[in-house]
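Trainee: The listed protein sequences correspond, in order, to chains L and W. So in numbering that gives the first Met the number 0 the end of the first sequence lands on 158, straight run, no missing numbers. So in numbering that gives the first Met the number 0 the end of the second sequence lands on 615, straight run, no missing numbers.
Treat the hints as calculated values from the structure; they're not laboratory data. The beta-carbon is built from N, C-alpha and C at its ideal position, and this holds for glycine as well. You may find that some hints are simply not true.
Dumping the calculated BS3-like pairs for lysine-lysine here, alpha-carbon to alpha-carbon at most 25 angstroms [as the list claims (entries may be wrong)]:
1. K154/L to K608/W
2. K575/W to K156/L
3. K608/W to K150/L
4. K154/L to K575/W
5. K90/W to K150/L
6. K157/L to K575/W
7. K154/L to K138/L
8. K267/W to K138/L
9. K53/W to K20/W
10. K575/W to K150/L
11. K20/W to K138/L
12. K150/L to K599/W
Calculated Cβ distances over 12 angstroms to all of chain L for the following chain W residues [said to hold, decoys possible]:
13. K100
14. V293
15. R295
16. R315
17. S373
18. P417
19. W485
20. K587
FRET-style restraints, in silico, Cβ to Cβ [claimed, not checked]:
21. Q9/L to V515/W: 27 to 35 angstroms
22. S107/L to V515/W: 28 to 36 angstroms
23. P4/L to K103/W: 45 to 53 angstroms
24. K150/L to K90/W: 19 to 27 angstroms
25. D22/L to D270/W: 16 to 24 angstroms
26. R140/W to D22/L: 57 to 65 angstroms
27. K292/W to D50/L: 21 to 29 angstroms
28. P4/L to Q274/W: 37 to 45 angstroms
29. G354/W to E100/L: 41 to 49 angstroms
30. Q274/W to A13/L: 44 to 52 angstroms
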Amino acid sequence: MAAQPTIDTQRLDAVLGAFEPGDGSALIEALHDVQSEFKYLPEEALDRLADRLGVSKSRVYGVASFYEGFHLEPRGEHICTVCMGTACHVRGAPRLLEHLEREIGIASGQTSEDLTFTLEEVACVGACALGPLVIIDGKYHGNTTTSHLTKVVGKLKKD
Amino acid sequence: MARLQSTQQLRQLKERIVAEKPADRRAIAVCAGTGCKAFGSFELVEAFRAELEKQGLDKEVELRPTGCHGFCERGPLVLLFPEGRLYQRVKTDDVPEIVEKTIKGGEVIERLLYEEPGTGKKFEKEEDIPFYKHQHRLVLRSNGLINPSSIEDYIAIGGYEALGRAFEMGPDAVLGEVKGANLRGRGGGGFPAGTKWELCKKQPGDLKYIICNADEGDPGAFMDRSIVEGNPHAVIEGMVIGAFTMGAREGYVYIRQEYPLALERLNKALDEARQRGLLGEDILGSGFGFDIKVNRGGGAFVCGEESALIRSIEGRRGVPRRRPPYPAQKGLWGKPTNINNVETWATVPLIVAKGAKWFTGIGTEKSKGTKIFSLVGKVNNTGLVEIPMGMSLREIVYDIGGGIPGGKKFKAVQTGGPSGGCLPASKLDLSVDFDTLIAEGAMMGSGGMIVMDESTCMVDLAKYFVQFLRSESCGNCTSCRDGLDWMHSLLQQVCAGEGTMELLDQIEQIAETVRVSSLCALGSTAANPVLSTIKHFRDEYEAHVEQGRCPAKVCKSLITYTIDADKCTGCLVCAKRCPESTIEGEKKKPHRIIQDGCIKCGVCLDVCKFDAVHVE
Numbered sequence: 000m001a002a003q004p005t006i007d008t009q010r011l012d013a014v015l016g017a018f019e020p021g022d023g024s025a026l027i028e029a030l031h032d033v034q035s036e037f038k039y040l041p042e043e044a045l046d047r048l049a050d051r052l053g054v055s056k057s058r059v060y061g062v063a064s065f066y067e068g069f070h071l072e073p074r075g076e077h078i079c080t081v082c083m084g085t086a087c088h089v090r091g092a093p094r095l096l097e098h099l100e101r102e103i104g105i106a107s108g109q110t111s112e113d114l115t116f117t118l119e120e121v122a123c124v125g126a127c128a129l130g131p132l133v134i135i136d137g138k139y140h141g142n143t144t145t146s147h148l149t150k151v152v153g154k155l156k157k158d
Numbered sequence: 000m001a002r003l004q005s006t007q008q009l010r011q012l013k014e015r016i017v018a019e020k021p022a023d024r025r026a027i028a029v030c031a032g033t034g035c036k037a038f039g040s041f042e043l044v045e046a047f048r049a050e051l052e053k054q055g056l057d058k059e060v061e062l063r064p065t066g067c068h069g070f071c072e073r074g075p076l077v078l079l080f081p082e083g084r085l086y087q088r089v090k091t092d093d094v095p096e097i098v099e100k101t102i103k104g105g106e107v108i109e110r111l112l113y114e115e116p117g118t119g120k121k122f123e124k125e126e127d128i129p130f131y132k133h134q135h136r137l138v139l140r141s142n143g144l145i146n147p148s149s150i151e152d153y154i155a156i157g158g159y160e161a162l163g164r165a166f167e168m169g170p171d172a173v174l175g176e177v178k179g180a181n182l183r184g185r186g187g188g189g190f191p192a193g194t195k196w197e198l199c200k201k202q203p204g205d206l207k208y209i210i211c212n213a214d215e216g217d218p219g220a221f222m223d224r225s226i227v228e229g230n231p232h233a234v235i236e237g238m239v240i241g242a243f244t245m246g247a248r249e250g251y252v253y254i255r256q257e258y259p260l261a262l263e264r265l266n267k268a269l270d271e272a273r274q275r276g277l278l279g280e281d282i283l284g285s286g287f288g289f290d291i292k293v294n295r296g297g298g299a300f301v302c303g304e305e306s307a308l309i310r311s312i313e314g315r316r317g318v319p320r321r322r323p324p325y326p327a328q329k330g331l332w333g334k335p336t337n338i339n340n341v342e343t344w345a346t347v348p349l350i351v352a353k354g355a356k357w358f359t360g361i362g363t364e365k366s367k368g369t370k371i372f373s374l375v376g377k378v379n380n381t382g383l384v385e386i387p388m389g390m391s392l393r394e395i396v397y398d399i400g401g402g403i404p405g406g407k408k409f410k411a412v413q414t415g416g417p418s419g420g421c422l423p424a425s426k427l428d429l430s431v432d433f434d435t436l437i438a439e440g441a442m443m444g445s446g447g448m449i450v451m452d453e454s455t456c457m458v459d460l461a462k463y464f465v466q467f468l469r470s471e472s473c474g475n476c477t478s479c480r481d482g483l484d485w486m487h488s489l490l491q492q493v494c495a496g497e498g499t500m501e502l503l504d505q506i507e508q509i510a511e512t513v514r515v516s517s518l519c520a521l522g523s524t525a526a527n528p529v530l531s532t533i534k535h536f537r538d539e540y541e542a543h544v545e546q547g548r549c550p551a552k553v554c555k556s557l558i559t560y561t562i563d564a565d566k567c568t569g570c571l572v573c574a575k576r577c578p579e580s581t582i583e584g585e586k587k588k589p590h591r592i593i594q595d596g597c598i599k600c601g602v603c604l605d606v607c608k609f610d611a612v613h614v615e
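For reference, chain L alone in the conformation it holds in the complex (with noise of 0.2 angstroms):
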C-alpha cells in the first residue's frame, strides 16, 4: 500500500462538524460525507471521525470495510464502473469488464498507480433497460459495445 497523501483538515472539520460530538448512529451518514468530500476515506479522516462520535477505531473500521460502497484507498481521477447486473450480465457486461481492463491495463478493483484511473464493478444500478451499461465519471453509457468504451477511454487517456 502506497503512503497516503496527507489531507486538509479544514475540510474534514467541516464535514464532520455536521455531526453531533458522540452520535455513533451516525457513523455511515458520516462515512458517506467524508468520502464524498476525498473521494475515499483516509486513514487520518476514520481517526478523527471516530473521535468525533465516541466510537471505537475498529468499529470504524469495522464498518467501513464490510460495506462496498466505501473505499480505504485513494481513487483515480476517472471513475469506471461496470454494472453486473443481471440484465448486464445476459446482455455481456463481463466482456465489457475484461475488455476495460485490458484497455487501461488494471484489474477491476484497481486503480492505476498514477491515479488516473479507477476501474470497478457495481452490483446493479437499476438501469437495467439500458444493459450492458457503463458509468464513466457520472454519466451513462447504456447498450454500450467494446468499441465505443474503447472510444471514450482512448480520449479519457489523452486528456
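Chain L is fixed; fit chain W onto it per the hints.
Mentor: Then chain W, alone, in the frame of chain L:
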C-alpha cells in the same frame, strides 16, 4: 409555502391548483427518470424550455419533467397532453419541429411515433401501444403525469387525500382496510402487511419506528428506484398513514447510495412535505406528529434483510440476527419497528383512498392488487411494467414485452433476483402470483424479471448468481460463507467442462446444506438459482460435463472463434483491434485466428461488419 392546517385547507389548495392547471391544458411531459436521463432527457427538457420561450409559448404550454414512464427501451420519451400522444427516442434536434408542428399546428410527426417491431404498425397514443395497453397501472400511473419535484402536482391528482381520510377513519379502521385488502409485502417475501402492522400496533410503549426499505438490492430490478424518482410523495403519504395507524413518531427511509437521483428527489419531497405541514408536528391539524429521516445504504445486498437493515441504520455492520423477536416486537434501538418496502408503502394511499373492496377486486384469490416488474434482458420492450396479479408469464413476455429480439428463441425467465429461480418455456402459462411462483421453485421477489434467449448459458447464469451471493454473504454463517464458495468452485469446473456428473450431485448436496443451515434469507434461498437451473436445464449441465460443449456458446473454455473465409473481405479491422494480435492475414484476403494465442475476448466478433466471425 404555507402550512396546511386541516384537510379542508388541503382540499382548497387542490381546487386552486386544478383551476390554475386544468387537465385539458397543453403540457409536454419529458421522462426524467434514470433511464431516459442516460439518453439525454435533461438536455431535452432544457431544449424545450428554450424553444417554448423563443416561440412565446412558455406561459401557455406547461413543461413538466416527470418520473419514469416505464418504456425505457424507447427513451427519451415525450408525452404530449391533453392528447396523450407519445413521441419516442426524441433528440434535442427534434424539439423545434415538435413545437412548430405538433404543439402549434396539431400535426403528428410520424417518424417519432412508436413502431411495433415485426408488424411496422405505428401508434399515436401511449395508451394504445401494446406495451402499455396490457398493463394495469395503479402505482406507476402517476409517474408520467406529475413532476416529482412538485408537491402541488401530487396534490392536484388527489395526493394526501388518503391521509386526510385516514385521520377521519382512525387507526383501527385504517388497519382494518389494510388487512381487508390483503396487501402482501412487495419486497419479496409476500408477508401480509396488515398482520405486521397489527403486531407492531399492539406493542406497548410510545416509542415505535417505521422504516421504508428502499435498499433495492436485487440485480436486474428497478421498480423502487422508479417509484421514489417518479412519485416520492406516494411513499411519504403511505408512511405517514402507517405511522398514524401504528402510533410511530419517527420514520426512516433506508435508500441505496447507488440511486443519486432518487435520493435527491426524495429529499426535495420531504422538505416540501414539511413546509406544507404534511410532516412534522400536528399534521393537517390532526394533533398527530411524525417525521422521516433518510439513511443512505453502504452498498450491501444483505441489508435488504430487515434485521440487517436495522443494524445498518444504527450505524453498524449489516449482519442479520436470529428472529424472533421480530422487528415488530424488538427492532430499531430495541423498539417495535415496522418495515415495508417502497412499493408496499406507495400502494397504501390507494387502498385507504379507494377501499379494500376495490383493491381485492384486482388480482387472484391470494395475491391481490397489481405488481410492478422490471422486464429486462433479451426482450424487445424492456422497461417497467405493472400488471394485475395472476397474469401469465407469456402475456408479460410476449404481449407486453413484444417477444424476443433478433428472431431468437425464448429460453427462460428469471424472477426473484438471486433468491429466485429460472422458469423454462414449458412454464410460460403460469399465473404470476406469490404462491404459484414459489411452488415452481422461483419466487416473486421484489419484481426483477429477466428474460433469456438461446444465447444465455444457464450454467453460467447459475455461476453468476452464486458469485454474486458469495461476494455479498456477510460471512456470519459458515454454511453460507463457505458453502457458496465451494459451490462456486464446482460450477467453475462445470463451466470449464471438467469433472463428471457426480459434480451435480455434490452441488445439490451443498445447496441443500446451505439452505437449511443459514440464518437469513440470503443464505436459505441462495441455492434457488442453482437448483432451478439443474431441475429445468439439466441437459445443459450434461452438455458441459459429458460432451465438453456449451450449447449457448458462452463458457470460454468450451468455445472457439473462427473466421469464415467465404464471408471475410480481408478488411483488416479485426486484426488491428485484436488485443493479442492473434489474427493473421493480408489485406483483401481471408484472415485466420491463431487459436493458441486467442483469449476469446470477442472483440473480433463485435467489430466484424461482414458476419464472418463465428463462435463454435
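Trainee: Looking back at the hints listed earlier, which ones does the structure fail to meet?
Mentor: 11, 14, 15, 16, 17, 18, 21, 23, 26, 29, 30
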